[in-house]
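Engineer: Here is what each chain is made of, one letter per residue.
2 protein chains.
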Amino acid sequence: MRWMRFEIDGNISYGIVDGDAVKAVDGNPFEGYQETGKRHAISDVKLLIPVVPKTFYAAGLNYVAHVEEQARLHGREINLPKKADVGYRANNALIAHGETIILPKDVTEKVEYEAELVVVIGKKAKNITEAEALDYVLGYTIGNDLSERSWQKEDRTLWRAKNTDTFSPMGPWIDTDAKLKDMETIVSVNGEEKIRFETNKMLYSVEHYMSTISRYIEIQPGDVLWMGTEGDSPNLKHGDVVEIEITGIGTLSNPIVKKN
Amino acid sequence: MRWMRFEIDGNISYGIVDGDAVKAVDGNPFEGYQETGKRHAISDVKLLIPVVPKTFYAAGLNYVAHVEEQARLHGREINLPKKADVGYRANNALIAHGETIILPKDVTEKVEYEAELVVVIGKKAKNITEAEALDYVLGYTIGNDLSERSWQKEDRTLWRAKNTDTFSPMGPWIDTDAKLKDMETIVSVNGEEKIRFETNKMLYSVEHYMSTISRYIEIQPGDVLWMGTEGDSPNLKHGDVVEIEITGIGTLSNPIVKKN
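Protein chains in written order, with our numbering: chain G, 7 to 266; chain R, 7 to 266.
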């Protein structure tokens, strides 16, 4: 099943994707729903981010080649994370599939994508084991953790580098059937493939992150956990379109515009 | 004016503090409201956090003696921040005035308070100057940025050290009349005063942080900005009660319980 969140005629609701259409529901996938009987062509509705997260967790450094690349970029030694220490991102930066990534006029040329699997939590979880973790997942979507690497290097925190408005595209929908082991992440810029990796080949697994977090924090329905990215990115510029596909989920596509 | 958020008979609403009572309103201080005519004794209602933040910003290192103390603790050189780089905290950790701070059983003895002024944003703000920043503030409340210093030192991020459930008491209400220049922060543990400092004697001012953030991010009504803390804290333990007063706002008080 695929859950979309959308707007039509000024009303926001959830719906279930059915081919090229969406079947509207009252309620939501977290607390319960029923179909309204209304059906819209997806091309007639405005897609929204599939959930407004209660808490927006980000796994950060979680793939080997990406850690090596970041160490080189920042002139540090390569240190693979010794533990699953999660970070946070800010809701202000979230935009939906198809919306425009707007680069402030003072960005440098070092703007990069980070293609990430996004875990959407379905049920409250406290002190869960790795074996049971996936029972608490509603489904998966896709995130692009846009990063301005000069700011990432200069600033004490990631606030500008990763949380500038529009820097966190997420979507297009939540897929509840996709399986971690079958996923492959493919990133294209302007239709040209740039990288392809096994999504689940992480340093610390989804299950491990969830179990670890839940020792100290009750994870909530609607929380999202971005799982980090692999490899490197070319510099992105005005006019580019970034597409991130994860097999079994779909494709998140966003154009880039730089402000004058 | 003082804005409370509270629950009575299972209903959550905002209200205006009037002596020992609260006058309930329909709506909220951000989008508009009208008084309902209902009035409750404050002792009869359950206080809630005064706002569920859209984005929860934290200024971090923003007072001289605190920066020095943290440098000593982590064995680093003293480096005053060269810029106003904001960080983030997570909503899961928020609790209201009077609610219990729960320490997980594996905390070390190094649990400390951080007494912070909290700025509550009232209006959307993008590209604002320092001179106009305070026009976008609804009012002020108080935050306690509880910190487990061993975890802060060990982990790659602050997720456990500062965002464990119940580690971010905030309240008791939002005061819209308090003036930055008149504020003094006083922290007591079990009734004994531990520190007192001029709240507004910051490295980077409220106005400067807001102006800086707004260059990259449209600040939203309901966002909160925690302004950092001064000095040091004794180790806190099971049974302690931490009270943070900021003159002109009120007092945030929370007991501490350690899990067995």
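Think of the hints as simulated: they come from the structure by calculation, not from any bench. Note that the coordinates shown come from a computational prediction; the quantities given were computed from them, not determined experimentally. Treat the hints with caution; some may be incorrect.
No copy is singled out in the list; a pair is fine if it fits within one copy or between any two copies.
What the hints assert, rightly or not - As a list, the in silico BS3-like pairs of lysine-lysine whose alpha-carbon atoms are at most 27 Å apart:
1) Lys60 with Lys200
2) Lys111 with Lys265
3) Lys129 with Lys60
4) Lys200 with Lys29
5) Lys88 with Lys207
6) Lys159 with Lys88
7) Lys207 with Lys187
8) Lys111 with Lys44
9) Lys29 with Lys185
10) Lys207 with Lys265
11) Lys159 with Lys29
12) Lys44 with Lys265
Engineer: Against each hint, give a clear statement of whether it holds in the structure.
Structural biologist: Evaluated hints:
1. Taking the closest pair of Cα atoms, Lys60 and Lys200 never come within 27 Å of each other, the shortest separation being 32 Å inside a single copy and 35 Å across copies.
2. Within a single copy, Lys111 and Lys265 get their C-alpha atoms as close as 5 Å, which meets the 27 Å cut-off; across copies the closest is 51 Å, which misses it.
3. With identical chains, the CA atoms of Lys129 and Lys60 are at most 27 Å apart both within one copy (12 Å) and between copies (21 Å).
4. With identical chains, the CA atoms of Lys200 and Lys29 are never at most 27 Å apart, being 35 Å at best within one copy and 59 Å at best between copies.
5. Proximity of Lys88 to Lys207 under the C-alpha cut-off of 27 Å is restricted to the intra-copy arrangement: shortest distance 16 Å within a copy versus 38 Å between copies.
6. Taking the shortest alpha-carbon separations for Lys159 and Lys88, both the intra-copy value of 22 Å and the inter-copy value of 14 Å come in at or below 27 Å.
7. Taking CA atoms no more than 27 Å apart as the test, Lys207 paired with Lys187 passes inside one copy only; the shortest distance there is 9 Å, against 54 Å between copies.
8. Taking the shortest alpha-carbon separations for Lys111 and Lys44, neither the intra-copy value of 43 Å nor the inter-copy value of 51 Å comes in at or below 27 Å.
9. Proximity of Lys29 and Lys185 under a CA criterion of 27 Å is satisfied intra-copy only: 24 Å inside one chain copy versus 52 Å between copies.
10. With identical chains, the CA atoms of Lys207 and Lys265 are never at most 27 Å apart, being 37 Å at best within one copy and 36 Å at best between copies.
11. Taking the closest pair of Cα atoms, Lys159 and Lys29 never come within 27 Å of each other, the shortest separation being 45 Å inside a single copy and 50 Å across copies.
12. Proximity of Lys44 to Lys265 under the C-alpha cut-off of 27 Å is found in neither arrangement, the shortest distances being 39 Å within a copy and 50 Å between copies.
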